[in-house]
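For reference, the chains in residue letters:
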Amino acid sequence: MKQAGVANSILLVWLAVGCLAVGLGRGENLSLKKTLRDFNAPGLKLVGDSHQWIEKQWQQLFAGRNSSTHSEKQKDHLLTSRLQREVLALKELLGLRNSRDKSGESTSRLFGPKLIAARVLLPDQQQRWKTGTLIDAGKSKKISEQNWIISSELPLIDLGEDYGIKPDEILLAGRVVLGQIDAVGRWTSSYRAITHPKFRSPATVIKPRNSKQPIQRIQAVGSFHGTENEFCELRYIENTYPVRVGDLVVLADEQQRFEGSLVLGTITEARVLSNTPYWKILVRPVESEKNSRDVLVITEELNPLRLLAN
Amino acid sequence: MLHRKINLLLSLFSVSGIYLLAMFLFSGSGLISEYAIAIIAVCVCGTFLLGGMLAGVLAVVVVGVVSESILMLPSGTAIIASACAGLMMLHLSKLQSLSLPWKGTIMTFSAASLWSGLFELIPFLQPGNLLSGWELAWSLLKQGLTAASIWLLLLIALFGIASLFKQSRPARIV
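Chains A and B are the protein sequences, given in the same order.
Using this note's numbering, you'd call the opening residue of the first sequence number 222 and step up by one each time.
Using this note's numbering, you'd call the opening residue of the second sequence number 1029 and step up by one each time.
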């Protein structure tokens, strides 16, 4: 009976602690979460390592048996990945519409994102373009492509200064980030693919956990790096933030320039390292539209309706 | 004395197991994480019934700490949810009129429902995020039924189906 009394008291104190935590301010809340996360870091590391070890053993065990159905699985994976992104986009649009409904009458923005359709040049087209066999009107009249495009080894798209493309603008296929404009010529531009070692972009993690819950977005912004390998890296996300395999990495858009998230990839490995406060996160870029030649360049434009109104 | 020491060691062992399991489930992915609360409710309930009330309370606190640190819920939500579920399990564990398997079934069902209910309800109390009543009720029922099924299946697997029908009520002195 005495044991029951003690147990009851402990639980009541625990409940009071919970109520106190609810009443804390935002900054104190965050520091409480961080403290708890630090406290649990060794356990998390142990669990993460053992989880990966088990997964590896499991894959090795079934690698032989599953080779025949590999392509089917890959198809399923691509379909799931595409559907996941569509659900993400729809959820965000719904959230946006809900928030607009509450905030009052909707107004049109002065600046808005503008998508310009482009096409990736085929290797032979690039070759001919760079050697100048396509434009032979003469350099004397200055009708030639810029030197930095001619000498570039990066892939090209068929838009340049003529469409107002600027360096570092994002190249998309649907909602998937394919790369970033590297240099802009008169009619063509070169771009860094997402896996290019010089590809950098601010990125954050979102968690498409439960179909009924809204999207959860961690508050940290990291740096997304291409590595020239199959996987990219997401750096500088503090290990006090919850990140797990399967979460989506999206472009960090703190100024909310784009409506909806632009997806960079899916987390395939997230490890807590012992000598650094950051996660080691490997990201698999989205594969579905890799081979598509039709791409979009996202730029910003003044809203013509607003200009016409005056 | 030896019996007590063994019991204490077993309780500590099970609490640390629950700690690692909670970390694995809350930070993992896939189907199993969807039923994390149900699985953890079964483990905590087992600790309550087999390891004693204090061991059970320790397990509740440990799960509270882990879920508070890992899950992206408003601060304090996971602690409150664990404390409420713990209090419910504590009071249900005092029921004398039921045998251990059925007491465990009721405990796991109600603890898992309450626990997941608080997890799902508190963050969604903000306007616009409120789940519909049916969705919430179905979600709670699903967690509760999963927890109770896991408990019963475990008992049957470990002790056989006959264990469910054994009378373990205290003898009444007439």
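Careful, some of the hints might be misleading.
To be verified - Quick list of in silico lysine-lysine cross-link-like pairs, DSBU-like style, CA-CA up to 30 Å:
#1 B:Lys1131 with A:Lys223
#2 A:Lys312 with B:Lys1170
#3 B:Lys1170 with A:Lys223
#4 A:Lys223 with B:Lys1122
Treat the hints as calculated values from the structure; they're not laboratory data.
Against the structure, the hints come out as follows:
Distance check on the hinted pair: Lys1131 (chain B) and Lys223 (chain A) sit about 21 Å apart at the alpha-carbon level, within 30 Å; holds. In summary, the hint linking Lys312 (chain A) to Lys1170 (chain B) is supported, as the alpha carbons are separated by about 24 Å, within the 30 Å threshold. A distance of roughly 35 Å separates the Cα atoms of Lys1170 (chain B) and Lys223 (chain A); the hinted pair therefore is violated under the 30 Å criterion. This hinted pair checks out: Lys223 (chain A) and Lys1122 (chain B) have alpha carbons roughly 13 Å apart, not beyond 30 Å.
Checked against the numbered hints given earlier, this structure breaks only hint 3.
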